[in-house]
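There are 2 protein chains.
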Amino acid sequence: MDTVNIGLIRVLTLSDQKEIDRHGLIIEGAFSGLKVRSRCIEDHPKGLYDKISEEEAKPKIISLAKELRKGVEAIIVSCAADPAVKELKEILNIPVIGAGESLAAVSRTLGGSVGVITITNNVPDPVRRGLGERYLTWKKVEGVESTLDLKEGDILAHTLNTAMALRKQGSNVIALACTGFSTAGVAPKISKELGMPVVDPVLAAGSIAYNLMLNKECWREDVED
Amino acid sequence: MDTVNIGLIRVLTLSDQKEIDRHGLIIEGAFSGLKVRSRCIEDHPKGLYDKISEEEAKPKIISLAKELRKGVEAIIVSCAADPAVKELKEILNIPVIGAGESLAAVSRTLGGSVGVITITNNVPDPVRRGLGERYLTWKKVEGVESTLDLKEGDILAHTLNTAMALRKQGSNVIALACTGFSTAGVAPKISKELGMPVVDPVLAAGSIAYNLMLNKECWREDVED
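Protein sequence lines, in the order shown, are assigned to chains B and X.
Just so we're aligned, residue 3 is where the first sequence starts under the working numbering, counting upward by one.
Just so we're aligned, residue 3 is where the second sequence starts under the working numbering, counting upward by one.
Chain B on its own, in the form it takes in the complex (with noise of 0.2 Å):
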């Protein structure tokens, strides 16, 4: 079976190869075929929190979308602020796909009203303007700081509590805009216990990222027509 082959660059400074690779192996379970080389901006211990930290991080984020760029069909920003990607689809003619505007775009489409859930004071932007007229309201889950805290123990039952005040409050559909989110596997177990769709950013990335996969797979079909 043919791949394709995607770069994902994680926006927070890890080590551990492993670790580096764990939204490239989310993504490769979820879709058959997809092949995912993940690389992580240095200096960036806590990931991306604020403007500032977004800043600082763009030129490294650019400087690393031209490494992997080769050998690649697609690059994933693994942040829901999309990070550089506005100016990557400028520079890149390869698709760049941020985690942000993926979240959205799968959101609004598969609900009416939007619920977002954050770690910081406010919905990133790309999330809010790819939502548009979809977009509900908002709410950041409670002890949560950068994504780092998204890993402790008792962040399923806070993100369970955000994801219940924003049902209450007429969403339909809930966007989880921290790529953190992904990590911790939060989606899933929250989806099972709203009884609707809650959106992992990182598999939203990966949703967009496949329809190259698609049609890639029906060029080999001609071919043994």
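Hint data in this document are derived by calculation from the structure and do not stem from the laboratory.
There could be a bad hint or two in this list.
[Stated by the list, open to error] Computed list of lysine-lysine pairs in DSS-like fashion (alpha-carbon distance at most 25 Å, straight line): (1) X:K194 - B:K37; (2) B:K218 - X:K170; (3) B:K194 - X:K62; (4) B:K191 - X:K72; (5) B:K170 - X:K20; (6) B:K218 - X:K153; (7) X:K218 - X:K170; (8) B:K20 - B:K48; (9) X:K37 - B:K218; (10) X:K194 - X:K141; (11) B:K37 - B:K53; (12) B:K218 - B:K191; (13) B:K218 - B:K194; (14) B:K37 - X:K191; (15) X:K20 - X:K68; (16) B:K20 - B:K37; (17) X:K72 - B:K194; (18) B:K62 - B:K48; (19) B:K68 - X:K48; (20) B:K191 - X:K194; (21) X:K218 - B:K37; (22) X:K194 - X:K142; (23) B:K194 - X:K37; (24) X:K170 - B:K88; (25) B:K191 - X:K218; (26) X:K62 - X:K37; (27) B:K218 - X:K194; (28) X:K218 - B:K153; (29) X:K141 - B:K72; (30) X:K88 - X:K20; (31) X:K141 - X:K48; (32) B:K170 - X:K218; (33) B:K218 - X:K48; (34) B:K53 - B:K142; (35) X:K62 - X:K48; (36) B:K194 - X:K170.
[Stated by the list, open to error] One-sided excerpt, in silico: chain X residues whose CB lies under 10 Å from chain B: (37) G145; (38) S148; (39) M198; (40) N213.
Here a beta-carbon is modelled for each residue, glycine too, at the ideal position from N, C-alpha and C.
Given the coordinates of chain B, work out where chain X should sit on it, guided by the hints.
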């Protein structure tokens, strides 16, 4: 393996169940675990091609969706104009996915500047609205007035010419704004010729529905832990 059952509504009246099932089969072939049950509306032998035919079809789509609703976890309306999708999102308590909004969602994320190919003299509202600031331009494919004309032999060449014109105008992704393009299977062929993503509306809707499957898969893994 668990499956997710999806109901799919064709807005083109067909008598052969094989033909009715065609979009469902495209989705099942691309997304392992989705099981699609398809039905078509009555008395629309040319499909939907203008505001009048869309309005006439709406109550039929709503009625069919209510019938299909039992035993499915989401409903796809397989038409790029998303007829009755807004209404159904309010009436039903499961996700209702329009092919038009799905097309826009995937296209805006895969590209920076989206060119839309239509079969009518306008861009369907949900496609235009969903693309937002990523919308660049549109062009009608030559010699086509309804989805039936997309079956003709030279439609691939006409669509490719249209896509090439949109690329010349600066589009870096092409959105095919009629599910008849999916029936004709033109997206991968054009994508290969152009060397850029061409988004198929039925596969885009499948990508969104697949997110429900991803959640269910994770539940299953939890049980096995």
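Violated hints, by number in ascending order, as checked against the structure:
Numbers 3, 5, 7, 11, 12, 13, 19, 20, 29, 30, 33, 36, 37, 38 - these are the hints that the structure violates, sorted from lowest upward.
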